[in-house]
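K.L.:
Chains as they are written, first to last, in the working numbering: chain A, 1 to 704; chain B, 1 to 217.
Keep in mind that the hints were calculated from the coordinates and are not lab data. Since this is a predicted model, take the numbers as computed values, not measurements. The C-beta atom is built at its ideal place from N, Cα and C for all residues, glycine as well. Be careful, since some hints might not be right.
Claimed, not checked - Quick list of in silico lysine to aspartate or glutamate cross-link-like pairs, EDC-like style, CA-CA up to 16 Å:
#, chain 1, residue 1, chain 2, residue 2
1, A, Lys151, B, Glu106
2, A, Lys205, B, Asp181
3, B, Lys86, A, Asp211
4, A, Lys151, B, Asp110
5, A, Lys151, B, Glu48
6, A, Lys205, B, Asp84
7, A, Lys205, B, Asp179
As the list claims (entries may be wrong) - Computed from the model, here is a short list of chain A residues facing chain B with C-beta under 7 Å:
#, residue
8, Gly266
9, Thr304
10, Ser316
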Amino acid sequence: MNGWTGKMLRVNLTTGSTSVESSEKYFDYIGGKGMANRILYDEVPAGTKPLDEASKVIFAAGPNCGGSAPCSSRTTMSFLSTFTKYNAICDAHMGGDTAIMMKYAGYDAIIIEGKSAKPVYIAIKDDNVEIKDAASLWGKMTMDTVAEICKVEGAGTNVVTIGPAGENLIPLANVLNNGGHSGGGGIGAIFGSKNLKALAIYGTKAVYVADSAKILELNKYVLEDLMGSNNNHVVPTVAQSWSEYENASTRWTGHPGLTWGAAEGGPIDTGESPPGEITKFGYRCQKAVFDWGDIAEKYTVKMTGCATCPVRCYASLRVPELEAKTGVKAAHANTCLANGVYARNNLLPTFQDVAEPGDGKFMAGYLATTVADDLGLWDNYGELNATLNYFVKDDCALLKQILPPAEFDSIPWDKREAGDITFLKDLLEAVASGKGELSHLADGAYFVSERYKSLLGDEFLHSSAMGLWGPLGGKRHHGNECAAQVGLLTNIIYNRDGMCHTIVNITGSGLPYDLQKSIIEEIFGAGALDKPKAYTPMNESKAKFAKFGVIRQVIHDSMTLCNWVWPMTFSPRKDRGYKGDLSVEAQYMAAITGQAWTEESLNEAAERVIQLQRAMTVEAVGSTDMRNLHDVVSNFIFDIDPDKKAFEEGTVKLDRDDWQTALTMFYKEFGWDETTGAPTRATLEKFGLKDVADALDAKGLLPA
Amino acid sequence: MSDEKKLGILEKEYSRRQFLKLSGKGLAGIPITAAMLTLFGCTQQQVEDGKVEAIATPTSLLVVNRAKCTGCQRCETNCTLTNDGKAQPWLSRLHVRDSVVFGATEVPADYMHGGGFLGEWDMGPETCKQCADPKCMSACPASAIAPDPNTGARVVDTEKCIGCGACEAACPWHMPKVDPDTKKSTKCITCGACAAGCPTGALSVIPWEDVVAAANA
Numbered sequence: 001m002n003g004w005t006g007k008m009l010r011v012n013l014t015t016g017s018t019s020v021e022s023s024e025k026y027f028d029y030i031g032g033k034g035m036a037n038r039i040l041y042d043e044v045p046a047g048t049k050p051l052d053e054a055s056k057v058i059f060a061a062g063p064n065c066g067g068s069a070p071c072s073s074r075t076t077m078s079f080l081s082t083f084t085k086y087n088a089i090c091d092a093h094m095g096g097d098t099a100i101m102m103k104y105a106g107y108d109a110i111i112i113e114g115k116s117a118k119p120v121y122i123a124i125k126d127d128n129v130e131i132k133d134a135a136s137l138w139g140k141m142t143m144d145t146v147a148e149i150c151k152v153e154g155a156g157t158n159v160v161t162i163g164p165a166g167e168n169l170i171p172l173a174n175v176l177n178n179g180g181h182s183g184g185g186g187i188g189a190i191f192g193s194k195n196l197k198a199l200a201i202y203g204t205k206a207v208y209v210a211d212s213a214k215i216l217e218l219n220k221y222v223l224e225d226l227m228g229s230n231n232n233h234v235v236p237t238v239a240q241s242w243s244e245y246e247n248a249s250t251r252w253t254g255h256p257g258l259t260w261g262a263a264e265g266g267p268i269d270t271g272e273s274p275p276g277e278i279t280k281f282g283y284r285c286q287k288a289v290f291d292w293g294d295i296a297e298k299y300t301v302k303m304t305g306c307a308t309c310p311v312r313c314y315a316s317l318r319v320p321e322l323e324a325k326t327g328v329k330a331a332h333a334n335t336c337l338a339n340g341v342y343a344r345n346n347l348l349p350t351f352q353d354v355a356e357p358g359d360g361k362f363m364a365g366y367l368a369t370t371v372a373d374d375l376g377l378w379d380n381y382g383e384l385n386a387t388l389n390y391f392v393k394d395d396c397a398l399l400k401q402i403l404p405p406a407e408f409d410s411i412p413w414d415k416r417e418a419g420d421i422t423f424l425k426d427l428l429e430a431v432a433s434g435k436g437e438l439s440h441l442a443d444g445a446y447f448v449s450e451r452y453k454s455l456l457g458d459e460f461l462h463s464s465a466m467g468l469w470g471p472l473g474g475k476r477h478h479g480n481e482c483a484a485q486v487g488l489l490t491n492i493i494y495n496r497d498g499m500c501h502t503i504v505n506i507t508g509s510g511l512p513y514d515l516q517k518s519i520i521e522e523i524f525g526a527g528a529l530d531k532p533k534a535y536t537p538m539n540e541s542k543a544k545f546a547k548f549g550v551i552r553q554v555i556h557d558s559m560t561l562c563n564w565v566w567p568m569t570f571s572p573r574k575d576r577g578y579k580g581d582l583s584v585e586a587q588y589m590a591a592i593t594g595q596a597w598t599e600e601s602l603n604e605a606a607e608r609v610i611q612l613q614r615a616m617t618v619e620a621v622g623s624t625d626m627r628n629l630h631d632v633v634s635n636f637i638f639d640i641d642p643d644k645k646a647f648e649e650g651t652v653k654l655d656r657d658d659w660q661t662a663l664t665m666f667y668k669e670f671g672w673d674e675t676t677g678a679p680t681r682a683t684l685e686k687f688g689l690k691d692v693a694d695a696l697d698a699k700g701l702l703p704a
Numbered sequence: 001m002s003d004e005k006k007l008g009i010l011e012k013e014y015s016r017r018q019f020l021k022l023s024g025k026g027l028a029g030i031p032i033t034a035a036m037l038t039l040f041g042c043t044q045q046q047v048e049d050g051k052v053e054a055i056a057t058p059t060s061l062l063v064v065n066r067a068k069c070t071g072c073q074r075c076e077t078n079c080t081l082t083n084d085g086k087a088q089p090w091l092s093r094l095h096v097r098d099s100v101v102f103g104a105t106e107v108p109a110d111y112m113h114g115g116g117f118l119g120e121w122d123m124g125p126e127t128c129k130q131c132a133d134p135k136c137m138s139a140c141p142a143s144a145i146a147p148d149p150n151t152g153a154r155v156v157d158t159e160k161c162i163g164c165g166a167c168e169a170a171c172p173w174h175m176p177k178v179d180p181d182t183k184k185s186t187k188c189i190t191c192g193a194c195a196a197g198c199p200t201g202a203l204s205v206i207p208w209e210d211v212v213a214a215a216n217a
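Bound conformation, chain A alone:
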């Protein structure tokens, strides 16, 4: 079999049994997210709570994973959200090496079910699967756990593990592999509830492909002609001899004079990296200075990232001065918002210097990122930091009201007063401990709001300080600040933050707006892409553009590719008019599987997945009224910049009535009932989901 392995592994932690089953019945859902979502639908009854024994976790990767396409090693994990309203279906997407190891071990998916009576880990070496005792690992931090398991299973083993946060059932607990590669959504708490410490995978098998020569040709095409830098930014920050444009805000930061400053044997210059030169590709994204600022250059050993990815977006730093002063590990890597999130806002009002004057904020952020990853504590795209800040603002006004005095006094406030950056370590350890009231601030914003409703009212969930897309509890992630209604529409699809990068990769590409607009309008029609902070009312082109954003994301999470880089909407090449190629995903699918995949058939399969996910969400909500019960967005989106009206230049605020129009148009694009936003029987049947429609019908959950 080509692409897919055709097998999935089932591990039952209650009985200790393992079995291998065919995965073929899920191929209509591509793989990865699609496969995992359908398995969850088939096997976990609606109404199950995430920490119930009946709850399951499904790891899955698609047919393209393992076949070498650039950026093809992200794992999708599907399960029930621990931290958002309704505890509905939720996906986490984790980089690193887990997905390829699973494929090379021979599995398209791994289903973890039941609950062990004692701490265990699952060890997989190809066909050999064992459930092993993890008593000695329980309580260990994530990185020590990896080291201990690899001493037994082999140094090349990929270990996915929880830390203390997961063991303590913290709803914002994650799993991690290879140091800082994280999967969130609360999956860590589900692992903990099953007494499952880790999953250790080593695979020696092949991913068979129908046309290896075509795959190598596509790889060359993508790397030479289409792909830019992280988020597919196609314009460098500093003009290079070959470049027509420069744009200081992109992630193509590499340029002559900027180095990996702490590389062994002396700094390595990132240099020029023109399109067409594959062996310089990995120097385009000097992510350390993008995420941390100029101070990080001298601490940058190199850039790392996921298996198969040439972009390398993981800022891999070594900060020995920090370790000497605080004992926190000198070397760690992460990317994007996770880098330094806890040093933002006001958890620490001042920062003591560590190695040089003014470096305290950087050091505090780096320390907290490392500590959080070691604890297995998920930041939820900054939500945990926002919540903690909300409670400590105004001299801890709210915190004093929720914490018993003894617990409040146990927090080392003197360190905070002094700007001692280890305060953040103490605070995060207390949050992850599961002891006391403080830990409940990591329940997820919705559950925090419910728990302290009398104190918080409606303001907390709707505030700009929290920055949620909606009161459901998902963080806004490239929402209305990204292409107006288009970005925000991609957010409301999920039961967590949006995670959709299809649109922001376009708006952030670095190309001049007029050029972006002309390419996007050619595909989606006039008015699809507004100028930043100069928004216009909703229109059908925007609805099509938003649907494209979601569908491509599903394609990527299912086949597997990284939506943080894909699709190739634009290109860095002037001789292509900066136009990318949106047919490449289908070309990979055809080359890998030997089947006649086209852009249309791939879109259709991805839409099947979204229709299923929407139906599952309707079941979890228990009503067809998605417009008023699920797709509600936060007030701050309409109320920011009070001196400006929506659609005036200079603001990203939206208009309430226009938003309702946007929802209606979006529902129409997906064939959902335009009043409620619930999938109709006709639409579900169109995508081969008659059984899903029947099940909804039986519960009275089909729109009239």
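Following the hints, put chain B in place on chain A, whose structure we already have.
P.N.:
Same frame as chain A, now just chain B:
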């Protein structure tokens, strides 16, 4: 550079073709010049730290620079797609997957200060050394490994190979593997697919004439 020195490299290369380790003292006795460092894409310090490995092939020098390796493992999939028509990193003719987590194939006692993703990032592929006196070749009971008349690389004659695995066992680095599908040994043929697809040039193939020119600069 004198003709004598130039001849030194080539003689060592063609007559004995040994595994050349770059060191602070030079390459095969020839002092490292600034031009050679530029050509190899490394620093004198990296050479002195033993972080740069150079493997002589008949036509080129394969340079492995661990400071530039980012652990993406594209070399392994490119190798197997090119040579085996499938993606199977375990089978690859160079090995990096078993050392990307800790920088070595064993977990160091002080892993936090070791290499790889869990340490301080030192990592890099182990490649076939194209040994002057190849243990794989001498161990083969079927005489299936021999120099290719065109490239000089020691290659496996799949007609003769019996898939016994003696080559893998004999190789100090266990570089050859027996493909479980074909039951034939695989081994590096110096095709260069690994280096051509390395996104940071951590692997590079440098023609001998360029090495000699740089040594002479």
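K.L.:
Determine which of the earlier numbered hints do not hold for this structure and return their numbers in increasing order.
P.N.:
5
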